[in-house]
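Going down the list, the protein sequences come from chains A and B. Just so you know, we're using the working numbering here: the first sequence kicks off at 18 and counts up by one. Just so you know, we're using the working numbering here: the second sequence kicks off at 25 and counts up by one.
Quick caveat, the hints were computed from the structure, so don't treat them as lab data. Possibly wrong hints are sitting among the right ones.
[What the hints assert, rightly or not] 30 Å max Cα-Cα, derived DSSO-like pairs, lysine-lysine:
| # | chain 1 | residue 1 | chain 2 | residue 2 |
| --- | --- | --- | --- | --- |
| 1 | B | K61 | B | K29 |
| 2 | B | K92 | B | K80 |
| 3 | B | K95 | A | K28 |
| 4 | B | K78 | A | K28 |
| 5 | B | K80 | A | K74 |
| 6 | B | K92 | A | K28 |
| 7 | B | K78 | B | K61 |
| 8 | B | K80 | A | K28 |
[Claimed, not checked] Computed footprint of chain B on chain A, listed as stretches where at least three residues anywhere in the stretch have a Cβ under 8 Å from a Cβ of chain B:
| # | segment |
| --- | --- |
| 9 | 30-42 |
| 10 | 79-86 |
| 11 | 94-104 |
Think of the CB as a built atom: it goes at the ideal place given N, C-alpha and C, for glycine as much as any other residue.
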Amino acid sequence: DAEITQSPRHKITETGRQVTLACHQTWNHNNMFWYRQDLGHGLRLIHYSYGVQDTNKGEVSDGYSVSRSNTEDLPLTLESAASSQTSVYFCASSDSGFGNEQFFGPGTRLTVL
Amino acid sequence: DQQVKQNSPSLSVQEGRISILNCDYTNSMFDYFLWYKKYPAEGPTFLISISSIKDKNEDGRFTVFLNKSAKHLSLHIVPSQPGDSAVYFCAASAHYGGSQGNLIFGKGTKLSVKP
């Protein structure tokens, strides 16, 4: 069955370190997204990609970067982790076009000490 | 400025009764609306959606109503079951100017269905 996976599921890191969260989907979807979920904020879009070599900034992109070298993967990098980036991160993917829902991964809980 | 608002952080309902979750939006360009359900320690899962050209969509126990003039949508769950206890997110998207319909989410409503 097609799926979307995230790794690691839990990560503890220190302020200033570079961290990369992995996202892999086997749906063959063109679109991929990264969100963070924080209490009182719901889900906020960090970065998104509409296809290979395409990346775009979302609502809360400062301090994050992504790259899309193939259809299946969209890794999220925190260049220099900050305590404000402690959050739960969700990756999602969808087909292109109107009316296609996004499928979400299980999430990565990141703690920055 | 929040474009999608879920003004009730929580809702408690008795098993077997109707649950009504509400959502308001401000952007008149939104043309597609979705509801997601989220259990703790899991990713959100798609529940039901509605296009702006419709005012109602039904799927089993779940019905979504859209009132475009009021910029309001609601999710009805009938009858409610304890397994429906979760956080429900309303989301909206607009498809214009090359956008593939990025989702804007509300803050969520935590539904508790009591046996």
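> Does K29 (chain B) lie within 30 Å of K61 (chain B) when you go C-alpha to C-alpha?
Replying inline: Roughly 16 Å between the alpha carbons, so the hint for K61 (chain B) and K29 (chain B) holds.
> Within 30 Å, alpha carbon to alpha carbon, are K92 (chain B) and K28 (chain A)?
Replying inline: violated (43 Å)
> Keeping to a limit of 30 Å between CA atoms, is the pair of K78 (chain B) and K61 (chain B) held or broken?
Replying inline: holds (22 Å)
> Under the criterion that the straight-line Cα-Cα distance not exceed 30 Å, is the pair K80 (chain B), K28 (chain A) satisfied?
Replying inline: violated (42 Å)
>> Using C-beta distances, would you say chain B covers the segment 94-104 of chain A, given that this needs three or more residues below 8 Å?
In response: violated (count 0)
> Mind checking, does the segment 79-86 of chain A have 3 or more residues with a CB under 8 Å from chain B?
Replying inline: violated (count 0)
> With a cut-off of 8 Å between beta carbons, are at least three residues of the segment 30-42 of chain A near chain B?
Replying inline: violated (count 0)
> Taking only the CA atoms, is the gap from K78 (chain B) to K28 (chain A) under or equal to 30 Å?
Replying inline: violated (43 Å)
> Within a Cα-Cα threshold of 30 Å, do K95 (chain B) and K28 (chain A) meet the stated pairing?
Replying inline: violated (40 Å)
> Is the Cα-Cα distance between K92 (chain B) and K80 (chain B) 30 Å or less?
Replying inline: holds (11 Å)
> Is it true that the CA of K80 (chain B) sits at most 30 Å from the CA of K74 (chain A)?
Replying inline: Not OK: K80 (chain B) and K74 (chain A) at ~33 Å, beyond 30 Å, violated.
Hint compliance for this structure: hints 3, 4, 5, 6, 8, 9, 10, 11 are broken, all remaining hints hold.
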